[in-house]
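Trainee: Sequence:
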Amino acid sequence: SLMEKTLKNEKKREFAFILYPESANDGWKEVLSMLQQKIFYILHDKDIDFDGSLKKPHYHIMIMYDTPRSSSTVSKIAIKCGSNGFLEPIMSKRGYARYLCHLDNLDKYQYSSNDVVCLGGADYNSEIKSKTELKHDKLMKDLKEGIEQDMLAGENISDIEKSVLDKTIGINKYYDTTG
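The sequence shown lines up with residues 0 to 178 when you count with my numbering.
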């Protein structure tokens, strides 16, 4: 069971817990900041229960370490914040990050990525992209820079290269507006 997994103190890199505003300790945000780790958190205040009523507002807090940590260590941090110390299992870092805004749960309220608070240099928009999207972004950026260098060098650029520049600009605009 999930409870047994949490209790057996396994070491992982990513952890998550839920915090209810009314039970949150004063300074819980400082507790998180002082960890100096990559963290995302978001307030879910528009979730609907199965019976159609509004769920109690709650924070989803996700901590991402560079090296594995024991669940008991992170459980203590959760308790310091005012949570019950129960940790949510994270099977996929990207999957849980996407869940913060319900990106793959279209039946649920769609939170904006602007509602996700990022600490410790965490970058939400790159965390939710697939490896393919990240590779594509890099490829297009490199291609665009190469073509721009050719232009600066006074070389004539082909219609295909012009369309790459136009498309890249279009793709970037698309990513900016969907973030």
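Keep in mind the hints are simulated off the structure, nothing from the lab. If you're wondering where the values come from, they're calculated on a predicted model, not measured in any experiment. Where a beta carbon is used, it is the ideal one built from N, C-alpha and C, also for glycine. You may find that some hints are simply not true.
Stated by the list, open to error - Derived DEER-like restraints, expressed as beta-carbon distance ranges: (1) Asp158 - Ile17: 52 to 58 Å; (2) Asn155 - Ser91: 43 to 49 Å; (3) Asp149 - Gln109: 53 to 59 Å; (4) Asp158 - Pro20: 53 to 59 Å; (5) Ser91 - Asp149: 16 to 22 Å; (6) Ala152 - Asp25: 24 to 30 Å; (7) Asn24 - Lys107: 24 to 30 Å; (8) Phe85 - Lys130: 28 to 34 Å; (9) Phe49 - Ser111: 52 to 58 Å; (10) Ser91 - Met33: 36 to 42 Å; (11) His101 - Met150: 41 to 47 Å.
As the list claims (entries may be wrong) - The calculated lysine-lysine pairs, modelled on DSS-like cross-linking and capped at a C-alpha distance of 27 Å, are: (12) Lys10 - Lys55; (13) Lys130 - Lys140; (14) Lys130 - Lys143; (15) Lys11 - Lys130; (16) Lys92 - Lys134; (17) Lys75 - Lys10; (18) Lys128 - Lys92; (19) Lys143 - Lys128; (20) Lys10 - Lys130; (21) Lys107 - Lys37.
Trainee: Please work out if Lys75 and Lys10 have their alpha carbons no farther apart than 27 Å.
Mentor: holds, 14 Å
Trainee: Given the hinted pair Lys143 and Lys128, is their Cα-Cα distance within 27 Å?
Mentor: Satisfied, since the Cα-Cα distance of roughly 20 Å is no more than 27 Å.
Trainee: Return holds or violated for the Cβ distance of Phe49 and Ser111 against the range 52 to 58 Å.
Mentor: violated, 24 Å
Trainee: Given a hinted range of 43 to 49 Å, is it respected by the beta-carbon distance of Asn155 and Ser91?
Mentor: With Cβ atoms ~47 Å apart, the hint holds.
Trainee: Within 27 Å, alpha carbon to alpha carbon, are Lys10 and Lys55?
Mentor: Not satisfied, since the Cα-Cα distance of roughly 30 Å exceeds 27 Å.
Trainee: Check the hint pairing Lys130 with Lys143 against an upper bound of 27 Å on the C-alpha distance.
Mentor: Since the Cα atoms of Lys130 and Lys143 sit roughly 20 Å apart, the hinted pair holds (cutoff 27 Å).
Trainee: Honestly, do Phe85 and Lys130 meet the 28 to 34 Å range at C-beta?
Mentor: holds, 31 Å
Trainee: Take the C-beta atom of His101 and the C-beta atom of Met150, compute their distance, and say whether it sits inside 41 to 47 Å.
Mentor: Distance hint for His101, Met150 holds at roughly 42 Å.
Trainee: Are the Cα atoms of Lys92 and Lys134 separated by 27 Å or less?
Mentor: holds, 18 Å
Trainee: Taking the CB of Asp158 and the CB of Pro20, does the distance hold inside 53 to 59 Å?
Mentor: holds, 56 Å
Trainee: Ser91 and Asp149, beta-carbon distance inside 16 to 22 Å?
Mentor: violated, 40 Å
Trainee: Between the alpha carbons of Lys11 and Lys130, is the straight-line distance 27 Å or under?
Mentor: holds, 21 Å
Checked against the numbered hints given earlier, the structure breaks hints 3, 5, 6, 9, 10, 12 and satisfies all the rest.
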